[in-house]
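Participant: My request is simple: use the sequences and hints to build the entire structure.
Chains as they are written, first to last, in our numbering: chain A, 329 to 853; chain B, 4 to 650; chain C, 270 to 369.
Note that these hints are calculated values from the structure, not bench results.
Positions of the beta carbon are idealized from the N, C-alpha and C atoms, including for glycine.
Just so you know, not all the hints are guaranteed correct.
Derived Cβ-Cβ restraints for the label pairs, each shown as a range [as the list claims (entries may be wrong)]:
1) G816(A) x G49(B): 17 to 23 Å
2) T350(C) x R463(A): 47 to 53 Å
3) N296(C) x K407(A): 51 to 57 Å
4) L830(A) x R470(B): 20 to 26 Å
5) N384(B) x A827(A): 43 to 49 Å
6) V30(B) x V793(A): 42 to 48 Å
7) R508(B) x V392(A): 54 to 60 Å
Which stretches of chain A does chain B cover? Using the computed rule of at least three CB atoms under 8 Å from a CB of chain B, they are [claimed, not checked]:
8) 350-356
9) 368-379
10) 527-540
11) 580-586
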Amino acid sequence: MTGSVAAITHTIAAPSIEWSLLSPLVLVFAAATVGVLVEAFAPRDLRRALHIAISLGGLAGAFVLTIVVAHSHIFAGGKPGVVAAVGAVAVDKPTLFIQGTILVLAFVSVLLIAESSHDAFAAQAAAVPGSAAEREGLLAGLTHTEVYPLTLFSVGGMLLFPAANDLLTMFIALEVLSLPLYLLCGLARRRRLLSQEAAMKYFLLGAFSSAFFLFGVAMLYGYSGSVQLAAIATAAQSGVGSATLLYAGIALLGIGLLFKIGAIPFANWKPDVYQGSPTPVTALMASCTLVSAFGALLRVFYVAFGQLTWDWRPVMWGVAILTMLVGSIVAITQTDVKRLLAYSSIAQAGYVLTGVIAANTAGLSGSMFYLAAYGIATIGAFAIVTLVRDQTGEAAHLSSWAGLGKRSPLVAGLFALFLITFAGIPLTSGFTSKFAVFRAAIQGGALPLVIIGVISSAILAFPYVRVIVLMFFSDPAPDGPVVVRPSGFTSAAVAVGAAATLVLGIIPQPLLNIANHAASHLFVR
Amino acid sequence: MTGLAVGTLRAASTPPATLPATGVEHVAWLLLVFPLAGAAILLLGGKRTNAWGHLVGVAMPVAAFCVGVAMFVQMLGQPASDRVRSMTIYQWVIVSRFRVPMGIRIDPLSICFVLLITGVGSLIHIFAVGYMSHDPERRRFFGYMNLFVAAMLLLVIANNYLGLYAGWEGVGLASYLLIGFWQYKPAAAVAAKKAFIANRVGDVGLSLAIMLMFTTFGSVTFSGVFHEAPKASHEVITAIGLLLLLGACGKSAQVPLQSWLLDAMEGPTPVSALIHAATMVTAGVYLIVRSGPIFNLSPGARLAVAIVGAVTLLFGAIIGCAKDDIKKALAGSTMSQIGYMMLAAGLGPAGYVFAIAHLLAHGFFKAGMFLGAGSVKHEMNDEVDMRRFGGLDKIMPVTFVTFLLGYLAIIGVPPLSGFFTKDPIIDAAFAKGGTSGALLGTAALLGAGITAFYMTRVMFMTFAGERRWEADQHPHEVPPVMTSPMVVLAIGSVAAGGFLILGNRLLNFLGPITGVPPTSHGIWTKAGLAALVLVAVGMVIAWALYGRRPVPATAPAGNPVTVAARKDLYGDAVNESLLMRPGQWLTRLSVFFDNKGIDALVNTVAATFGGTSGRMRRVENGFVRSYALSMLVGAVLLVGALLLVKL
Amino acid sequence: MVTPAHFIALAVILFVIGAVGVLVRRNAIVVFMCVELMLNAANLAFVTFARMHGNLDGQIIAFFVMVVAAAEVVVGLAILTSIFRARRSASVDDANLMKY
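Facilitator: So, in C-alpha cells, the structure goes:
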C-alpha cells in the first residue's frame with residue numbers, strides 16, 4: 329500500500345452491483361434474514377406458519393426470478409452469460425439451470441422439513457439427551473423453528489457456490505452453505521446422540537476439507553496473482569509461473585470440492601452424516617448440496633482449468649473409478665436404509681463425475697440433467713424413509729422393512745420406484761440421466777470409464793433389488809414398523825419426486841432440451 | 004348398379020392429399036380422452052366409485068360417440084378429395100433419425116371404425132349395466148371396458164404404425180384383463196393367458212413389419228410409408244405384407260393363430276360381444292385394409308391373405324357346427340365371418356370395401372346375437388350348454404326376435420344385412436379368376452351353406468323344441484336396460500347391409516381411400532343365387548337334425564368330423580406338439596445349462612463382491628480421525644499424482 | 270536473507286502441522302484448533318503472495334478468512350459443547366456409534 333494523501337481526498341467509487349441479475353440470491357438471503365427476525369419477534373405459536381410461508385415463498389419467488397433473469401438478461405441479449413458484481417458472480421446459462429434446479433429441490437426439501445405430524449427436529453438442541461430438560465421441552469411442544477432460516481441461508485450459499493466467478497467468493501459461499509448444514513445435522517429429535525455425532529463428524533471433516541480448499545486457493549493465487557477463474561485460466565494458458573503451485577493448487581482445490589460431492593476417498597463422512605442427520609436435512613444435503621457442489625466443480629474445472637483438461641483428467645479418472653466401484657460395492661452389505669442411500673449417493677456422484685470428465689457440452693448438459701433427476705428422486709426416497717416408523721422413530725434397519733409391500737403397497741411401491749430409478753432401469757429418469765452422462769463420456773473419449781460405470785450400476789442394482797424383494801416377497805414381522813399418515817407436505821414431496829421420476833423417464837426431451845441449451849456455450853469466463 | 008359414381012371415382016387414381024385438421028377434428032383427441040378418463044376414474048378411484056362407476060363407464064363411450072358423429076357429419080359436408088385429415092398432437096419419439104409424431108388421422112376409413120367402436124360399444128356398455136348388475140366388481144369391469152375403447156380408438160385413429168401398435172397392444176391388454184375378469188375360475192385365467200400368448204406371436208409379426216418399414220422407408224407414418232412404398236423392392240414389400248398378415252392373424256384369430264378365440268369366451272358376455280365379435284378381432288382386417296397401398300404392390304401377400312381368410316372361414320364354420328356351448332358356437336361363427344372379411348381384403352381393391360361393409364354389418368348382427376346369448380345365459384343361471392336350453396321363444400320374446408333377426412342377417416337372407424355384404428365377397432372371389440379365384444369362391448360359397456346350418460342349429464336348440472332346463476332355472480325376459488341395446492342392434496342387423504351397399508354409399512365414401520372394384524355385378528349375381536340355394540339346403544338339414552326331432556340332453560358320439568370339430572379341429576393339439584413340447588425340451592436344456600454353468604459363475608462373482616464389500620465397509624470404522632486420515636492420504640495421492648503427471 | 274519462499278515454506282509447514290494435528294489429537298477442541306492452524310497457514314500464504322505479486326487481493330482475502338474462521342468457531346463450539354454435555358467427553362474417538 330502506498331498510502332498517498334491524494335487518494336484520501338478522492339471519493340471512493342461504489343462498486344456497481346447488478347441487483348436485478350442477483351435478485352434470486354438476494355431474495356433467498358433476504359427471506360433468511362426475515363426468518364431470523366421472525367424467530368426473534370414473532371409470537372411462538374405463529375412462528376412455524378410464518379417460517380413456512382416465508383421459506384416456501386422465498387424459494388418459489390427466487391425460482392421465478394431465476395427464470396425472469398434467464399429470459400430478460402440472457403436469452404434476450406442472445407448472450408451466453410454475463411459477469412456481475414465486479415467479477416465476483418457469473419450469471420450464465422448453466423448457472424441459471426443449476427440454480428433453478430437447486431431452488432426446486434430446496435422447495436421440495438422444505439416441504440419435508442415443514443412436516444408437522446412427526447416432527448424431525450429437536451425440541452431443545454441444548455438440552456442433554458435423556459435429561460429432564462429435554463422431557464420438559466418435548467412436553468411443552470417446543471421445536472426448533474430456527475431450522476427454516478438456517479435452511480434458507482444454506483440454500484443461499486448453495487446458489488452462490490456454483491455462480492462464484494472468483495475463488496474467494498466460492499470459498500465464502502462454501503462456508504455459507506456448510507455452516508448452517510453442520511447445525512442442522514445435529515438437530516434430530518430422536519436418536520440425538522447419533523445426530524450430534526453426525527454434526528461433529530461433518531463439522532470437523534468439513535472444516536478440514538475447507539482448509540484444503542483454502543490452501544489450494546492460496547496456491548492458485550500465488551501462481552496467477554489473482555483469484556479470478558478467468559485470470560487463472562489465462563495464466564495457465566500462458567504457462568508462465570510455477571507449475572508446482574498450479575498443480576498443487578488444482579489438487580487441493582479439487583479436494584475441497586470432491587469432499588462436498590462425496591467422492592472416494594473424501595466421502596467417509598457421507599454414510600455417517602446421512603444416517604445421523606434428521607432425514608429432511610439428509611434429503612436437503614443429498615439433493616441441493618450435491619447439485620451445488622457439482623456446479624462449482626464443473627465451473628472450476630471447465631473455466632479455470634479448462635485448458636489443462638489433459639493434466640487433471642487422469643487423476644479424475646482414478647477418483648471416478650474408485651467412487652463408482654467403492655460406492656456400489658460397499659452398498660451391497662448395508663443394513664441401514666439411510667446408509668444404503670448414502671453409499672448409493674456416493675456411487676451416483678461417481679456417475680456424474682464421468683460427465684464432468686467428458687469436458688464437453690454434452691458432459692455438462694448430461695451432468696446437469698443427471699443432478700436434477702437424481703436430486704428430485706432422492707428427496708422422494710428420503711421422504712419415504714421418514715414415513716416408515718416404529719416406536720423409536722424411523723425404522724432405519726432394513727430388516728424391519730420386510731413385508732412392507734403387503735402392509736402399505738403404495739409406499740413400498742413408490743420406494744421401489746425410486747430404487748428402480750437409482751438403478752437406472754429404462755422408463756425412469758435414472759436411465760435417461762445415466763444414458764446422457766455415459767454417452768457424453770464416450771464422446772469425450774472415456775469409454776473405459778463408462779464400462780466401469782455400467783459394471784458399477786450392475787453391482788448397485790443388487791442392493792436395490794434386495795430391498796424390493798425384502799419389501800414385497802417377505803412376510804412382515806408382527807411388531808414391525810407402521811407407515812404413518814403424512815400431512816400434505818410430505819405427500820406433496822413424494823408425489824413430486826415420483827412424478828418427476830416417471831416424467832423424466834418417459835418424456836425426458838423437454839428438460840434435456842433445456843439442459844442442452846443451457847450447456848451449449850459452457851460457462852461464461 | 005349404376006356405373007356412374009364408380010366411373011368417376013376410378014378416374015381419381017392417386018389417393019387424396021392429407022390435409023390439416025379442421026373444425027371439430029381439432030378435438031379428435033377427445034375420442035381418446037373420454038374413455039381414458041373413464042378408465043382412470045374407475046380404476047384409480049377404487050371402491051369410492053362403486054356406487055356410480057358404471058354410469059361414468061357408460062357416459063364415456065357415449066360422449067366419444069357424440070364426438071365421432073360430429074366429425075362424421077362435418078366430413079360428409081366436405082368434398083371427397085378433402086376428407087383425409089391429419090393432426091400432430093406432439094412429437095412422440097425423437098431419437099436421431101427416428102422421429103414419430105403422435106398424431107391422429109381422420110379419414111373415411113377411420114371414421115367408420117370410430118362410429119362402430121363407439122356406437123356398438125356404447126350399446127354394449129348399456130347392456131352390461133344390467134348384465135353385470137350382480138357382480139361386486141362391476142366398476143372394475145367398466146374400467147377395463149373403457150380402457151379397451153380408448154385403446155381401440157387409438158388403434159384406428161393413429162396416423163402412424165407405431166401409434167397403431169400402441170393401440171394394438173392396448174386392446175390386447177384390455178382383452179387379457181377382461182377374458183380373465185373372473186380370474187378365480189381357472190378356465191378364465193388359462194384362457195386369458197392363452198389369448199395373451201397367441202397374440203404375442205402375431206404382435207411379433209406386426210412389430211417386425213414396423214421395424215422393416217422404418218429401415219426401408221425411414222418413416223412409420225401412413226402417409227410416409229405409402230408414399231415411399233412404390234420405390235421399395237418387391238421382396239421387401241412382400242415381406243412386410245406377410246408380417247402384417249401374421250399380426251392380423253393373431254389379433255383376428257385366423258388360422259394358424261386361431262386357437263385362443265374359442266377359449267376367450269370365458270370372459271363376461273359383453274366382452275365377447277364387443278371385443279371378441281364386433282371390434283377388436285376385426286382389427287386385423289383394419290390393418291390389412293389400412294395397409295392397402297402395400298398389399299396392392301404385392302400379389303403374393305394378397306393371395307396369402309385370401310388363402311388365410313378362406314381356410315379360416317371354413318375352419319370356423321366347421322367348429323361352429325359341433326359346439327354345444329352357445330357362446331363357442333358363436334365364436335366359431337365369428338372366426339368364420341372374419342375369414343370372409345380377410346378373404347375380401349385379400350382380393351385387393353376389388354374387395355376392400357366389401358370387407359369393411361361386412362365388418363360393419365357383422366358388428367351389428369354378431370354383437371346383437373352375443374348380447375342375446377348373454378341374456379339367455381344370464382337367465383339360465385350361467386348355463387351355456389344349448390342342450391339344456393330349448394323353448395325359450397315364448398319366455399324371452401324380445402331376445403328371441405332380436406336374435407332371430409341377427410340370425411337371418413348372418414346367413415344372408417334377403418333383404419337383411421348379410422345378404423348385401425356377404426354375397427359381393429363370394430362374387431368378387433369368383434371374379435378374381437383363375438384356379439385361385441375358383442377355389443376361393445367355392446370355399447366362400449360352401450361356407451355360406453355351413454353358416455346357415457350351424458346358425459339354424461343354434462336357433463332350434465336354444466329357442467325351439469321342448470324345454471330341457473333344470474327345475475331350479477326360472478328364465479324371464481331380461482330388463483329393458485338389456486333389451487333396448489339388443490333392439491337397436493337388431494335394427495342395424497336388418498338395415499345396415501342394405502344401407503351401406505345400395506346406392507354405393509360405402510363405396511363412394513371409402514373409394515378414395517381404398518380404391519374401387521374394377522367391375523360391379525349388381526345385387527343379384529349367379530354366385531349370390533347359388534349361395535341362397537346352399538343356405539336353404541343348410542337350413543333344411545339343420546331342421547331335419549335339430550328341429551324335427553328332440554335334441555338329446557347329452558351329445559351323441561358323432562362322426563369323426565364332429566369329434567374333430569368339438570376339439571377345435573385339433574388346433575390345441577397342433578400347438579402342443581409343434582410348439583409346446585419342443586419348447587419344453589428347450590426349456591429343460593437351458594435350465595440345466597443355467598444351473599450348472601451360468602449360476603455357478605454368477606454365484607462366484609456375487610460371493611466375491613459380497614466378500615469384498617464386507618471387508619471394505621470395515622474401512623468406515625466410525626472414527627472421525629480415521630476418516631481425516633483417509634482424506635489426507637487421498638490428498639497426498641491427488642497432489643502427488645497431479646504433480647507427477649506434469650513434472 | 271528472508272525471501273518470500275521462506276514464508277511459503279513456513280506456511281506449508283504450518284499447514285502440515287495442522288493436518289497432522291487433526292489426525293493425532295483426540296480432544297475435539299484441539300482438533301478444531303488444528304484446523305484453524307491450517308486456515309492461518311493459508312492466510313500466511315495469501316499475504317506472502319500478495320507481497321510477491323504486488324497486489325492487495327491476498328491481504329483482503331486474509332481478512333475474509335479470519336471472519337469465516339470466527340463464524341466457524343461459533344458453529345463448531347456450539348456443536349462440540351452440546352456433544353460434550355451429552356457425553357461428558359470431548360474425545361472425538363468416543364463418538365463412534367455410527368460405523369460400517
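Participant: So, for every hint listed, does it hold in this structure?
Facilitator: Each hint, compared with the structure:
1. G816(A) and G49(B) have their C-beta atoms about 20 Å apart, which keeps the hinted 17 to 23 Å range intact.
2. For the pair T350(C) and R463(A), the beta carbons lie near 21 Å from each other, so the given range of 47 to 53 Å is not met.
3. Separated by about 53 Å at the C-beta atoms, N296(C) and K407(A) satisfy the suggested range of 51 to 57 Å.
4. Range check, L830(A) to R470(B): Cβ separation about 58 Å, and the 20 to 26 Å hint is violated.
5. One distance hint, 43 to 49 Å for the beta-carbon pair N384(B) and A827(A), holds here, with the actual separation near 48 Å.
6. V30(B) and V793(A) have their C-beta atoms about 45 Å apart, which keeps the hinted 42 to 48 Å range intact.
7. The hinted window of 54 to 60 Å between R508(B) and V392(A) holds, with their beta carbons roughly 59 Å apart.
8. Counting residues of the segment 350-356 of chain A whose CB lies closer than 8 Å to any CB of chain B gives 0, so the stated coverage by that chain is violated, three being the minimum.
9. With 0 residues bearing a CB less than 8 Å from a CB of chain B, the segment 368-379 of chain A misses the requirement of three and the coverage assertion fails.
10. Under a criterion of three residues with beta carbons nearer than 8 Å to beta carbons of chain B, the stated coverage of the segment 527-540 of chain A is upheld, 7 such residues being counted.
11. With a cut-off of 8 Å between beta carbons, the segment 580-586 of chain A has 3 residues touching chain B; three or more are needed, and the interface restraint holds.
Violation of the numbered hints given earlier is confined to hints 2, 4, 8, 9; the remaining hints are satisfied by the structure.
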